[in-house]
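J.: Below, each chain spelled out in residue letters.
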Amino acid sequence: MMSLFAVLIDGTIYASWLFLVAAGLTVIYGVMRILNMAHGSFYAIGAYAAASLVGWYFNNGVGPVWAGYLLMLGCALVAGLIVGLIIERGLLRFMYGRDEVLMVIITYALLLILEDTMKMIWGVNPYFAYQPYAEMGRSALAGLKVSNYDLMLVGISLVLGLGLWLWLERTHQGKVLRAVIHDREVAMAMGVNVRRMFTLVFVLGTMLGTLAGALTAPAISVVPGMGVEVIVLAFAVVVIGGMGSIEGAAVGALLVGLSRAAAVHYAPEFELFVIYGVMALVLAVRPQGLFGRVLARKI
Amino acid sequence: MRLSKTELILLGVAVLLAAGGVIAPQWLVFLLTMALAKAMVVQGVVMQMRAGLVTFGQGLFFCVGGYAVGMSGHFLNITDLALLLLIGVGAAVLLAMLLGLLMTRYREIFFAMLSLAFSMILYGVLVKSSALGSTDGFNVKAWTLFGWTPASGQAPLALFIIIVACSGLLAVLLHRYSRSSAGMMCEAIRENEVRVEYLGQSPRWVLYMNYVAAAAVSALGGGFMALSAGHIDPEMAYWITSGEFVFIALLGGTAHVAAPFIAAILFAVVRTYAIELVPHSWQMILGFTLLAIIVFLPKGLWSLFTGQARRAKA
Amino acid sequence: MNCILETQGLCKEFGAVTAAKDVNVRIHKGEVVGVIGSNGAGKTTFINMVTGYLKPSRGEILFNGQSIIGRTPRAITRAGMARSFQVAQLFPQLSVLDNLLIAVSAAQSPFPSLLAPMRNASRIAQADAILAEFDISRWRDTQVTAVPQGVRKLIDIAMALIGDPQMLLLDEPTSGVSAEEKTALMDTVMRVVAQHQVTVLFVEHDMDVVRRYVSRILAFYSGEVLADGAPEAVLANARVQEFVTGGPNAHKRAAQ
Chain A
1 MMSLFAVLID GTIYASWLFL VAAGLTVIYG VMRILNMAHG SFYAIGAYAA
51 ASLVGWYFNN GVGPVWAGYL LMLGCALVAG LIVGLIIERG LLRFMYGRDE
101 VLMVIITYAL LLILEDTMKM IWGVNPYFAY QPYAEMGRSA LAGLKVSNYD
151 LMLVGISLVL GLGLWLWLER THQGKVLRAV IHDREVAMAM GVNVRRMFTL
201 VFVLGTMLGT LAGALTAPAI SVVPGMGVEV IVLAFAVVVI GGMGSIEGAA
251 VGALLVGLSR AAAVHYAPEF ELFVIYGVMA LVLAVRPQGL FGRVLARKI
Chain B
1 MRLSKTELIL LGVAVLLAAG GVIAPQWLVF LLTMALAKAM VVQGVVMQMR
51 AGLVTFGQGL FFCVGGYAVG MSGHFLNITD LALLLLIGVG AAVLLAMLLG
101 LLMTRYREIF FAMLSLAFSM ILYGVLVKSS ALGSTDGFNV KAWTLFGWTP
151 ASGQAPLALF IIIVACSGLL AVLLHRYSRS SAGMMCEAIR ENEVRVEYLG
201 QSPRWVLYMN YVAAAAVSAL GGGFMALSAG HIDPEMAYWI TSGEFVFIAL
251 LGGTAHVAAP FIAAILFAVV RTYAIELVPH SWQMILGFTL LAIIVFLPKG
301 LWSLFTGQAR RAKA
Chain C
1 MNCILETQGL CKEFGAVTAA KDVNVRIHKG EVVGVIGSNG AGKTTFINMV
51 TGYLKPSRGE ILFNGQSIIG RTPRAITRAG MARSFQVAQL FPQLSVLDNL
101 LIAVSAAQSP FPSLLAPMRN ASRIAQADAI LAEFDISRWR DTQVTAVPQG
151 VRKLIDIAMA LIGDPQMLLL DEPTSGVSAE EKTALMDTVM RVVAQHQVTV
201 LFVEHDMDVV RRYVSRILAF YSGEVLADGA PEAVLANARV QEFVTGGPNA
251 HKRAAQ
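Chains as they are written, first to last, in the numbering used here: chain A, 1 to 299; chain B, 1 to 314; chain C, 1 to 256.
For reference, chain A alone in the conformation it holds in the complex:
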């Protein structure tokens, strides 16, 4: 009983982290049809930005603790804004309309470039910024010690998911976006500025990626190559839920999170196997993902 509860708690925490990582990926794919391999690098950039600045802030006792948290979020969002704008305006907008698989390869090239750029900026030694994590302490949940920071992650991910969903489903801008998703040409003909929408969505997706990285940074050591590991996990989540669907990403994250937590507790040797196993299984049964739509070809 106890271990089942632990699996649920661990699974939920892991799932909310996965959702944070995957949200930007699925938003970008949903609107732009770009499966962005560089999303893991955005995550890593956010983590580096947060770890280096927040580490410096706390180690030198620059200011109050609460401001450290704001700094962490702020630097992630600024980094995402800058990186997203540079990439969308400087590269991707020249590539729109190309084949989806080619876009994967283009973003793969981007990933390679960003990986080395990060090494140039931050070097190859690990960064630590454990203070935001440690400062918050732990609480006991039915006899289980859980870090408050992790609980905060769950909260943030719930708020973010709900916010994204409301934005897409309930606002005028969301309606316009869904029109773009549904039929790009018709949306253009109706006077929607698709290019501006693309810039907006890509920058937003990038910021979601850097934010996820920044929020993770206090819990890990920030090292080169961390984005490369994360991106396949995010792929798994997004593919399971149905590429481009927010609610799909949430369900995918829960599914992966819970199965991984179960594996870690009951059969640790299957930890990684389970994640990609679920992905392969869902693809095999429902290739468009749990919340995806199929498009038939006209002849």
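None of these hints come from the bench; they were simulated from the model.
All values reported here derive from a predicted model rather than from experimental measurement.
Certain hints may be false.
Cβ-Cβ distance ranges computed for the label pairs, FRET-style [claimed, not checked]:
1. A:225 with C:148: 22 to 32 Å
2. B:97 with C:58: 30 to 40 Å
3. A:99 with C:143: 12 to 22 Å
4. C:119 with B:8: 17 to 27 Å
5. C:114 with B:8: 17 to 27 Å
6. B:139 with C:116: 18 to 28 Å
7. A:169 with B:75: 54 to 64 Å
8. C:40 with B:108: 26 to 36 Å
9. C:148 with A:97: 20 to 30 Å
Covered stretches of chain A, going by a simulated chain B footprint (3 or more residues, C-beta under 8 Å) [to be verified]:
10. 54-62
11. 165-175
12. 262-270
We treat Cβ as the ideally placed atom computed from N, Cα and C, and that holds for glycine.
Go by the hints and put chains B and C onto chain A.
T.: This is chains B and C only, laid out in the frame that chain A set:
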């Protein structure tokens, strides 16, 4: 078996390369052996690209070939090179025959993602298998050939000559395959699958054969890699490794069977120098090269040569 | 017993839209049948169902007396029913000759050879012969992307015909072709088709084209067969004039 001019040239280059190996320094022989092994995997990627499919998981068969060779030596005490490679290819073929049933239902981005998922499953299993050395992998035993045990200094050169011979034969076979009905049908499927169906041909059957054949070729490369490096680890199935194969495939293009070999050798040579000169910029160079290929040379390096040939004719 | 294609109570619904409603048709060997109907009348849906691309919601399709419901397009093609497409379905990056060689090779065996070259003398001879029949030999070595629209339509039909089908379904053979070229194109198609002694069913919008070549007309309207019979009778039918051809009554309605 009558050979065409192209096939004679391919075999001639192989003979020259093997002869060159005798006088080449050891590091170059080693570098070329590894490059040719990788080129075989790339051939598998290219075979599928011709059918319009991009795989981000060819490392799966590279790894299966390598591990089958390593494990046969380790657990079954098999040392004969020919037998080991045969086991490696056989294992990959069996796996591909099974996975192919599923993979051939998918196209485009779904194919790319599912191939990635399968190779990552293998990676996940190997990383957690302590009997196989987990993330460190394990060393591969020295090989023999039909009862002959190469002396310690001879093995690299002997292996080089063997892999060059195999590459030459493979090039001839793949050249024929690319012009055969099955090979052309792959291109037809890339161009218009519905039409192929309406000509009375099963696209899935063609893609299935192609998938299994590509797996066999890639596993051969994995087997050679295990034997030449003398070590295998789960990294072989990691998606970054598969990404590198896609990179080399795009570098060479799909227009000629020699392209993956040339591209793989070029890749290996440039990397050797780049890692020494600018250790933290190697991936960046790759990234910018890839973008340049996509923007300027959509058919890969080979379009440089055919483009010139066309201009010369005109 | 010379009925080659028969449909019984064929129905197809896409959600709330009815694309075929109780379609009962019998086509006899050697007939040349024209299918007319406005856009969305269910002509292409009919062809797509008969060739196995769409599964009917209800009903039966018999080809040479055998049910072909649930069979794949390739199985139906191999059974002897070939089709062409509204938009020519070719292999654009390949040469015209290679397009036809692929068609020949596919017709010869469902299991393509792995090592024997596709280009061999007998296949090339077959491809050249059909190119000559359609009078498009001069495009033989051109890449399809560089070939004009009318020629593409002919290649599309040639690829369907090269497997020697018993029945040929042509989905708007003249669509996308300029008005001046239409007659010449149809003349070529019908001449070659006649030489091959194949039963033909074709969809066409231009009534002059239809009248010129067919022995029988099927008129579709919102998924139903409105009229079926000799061209004069069908075209004189009041309901056909009202809903399909927009004949004399249509002018009257417009005047009112």
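J.: Check the structure against each numbered hint from earlier and tell me which ones fail, lowest number first.
T.: Failing hints, ascending: 1, 6, 10, 11.
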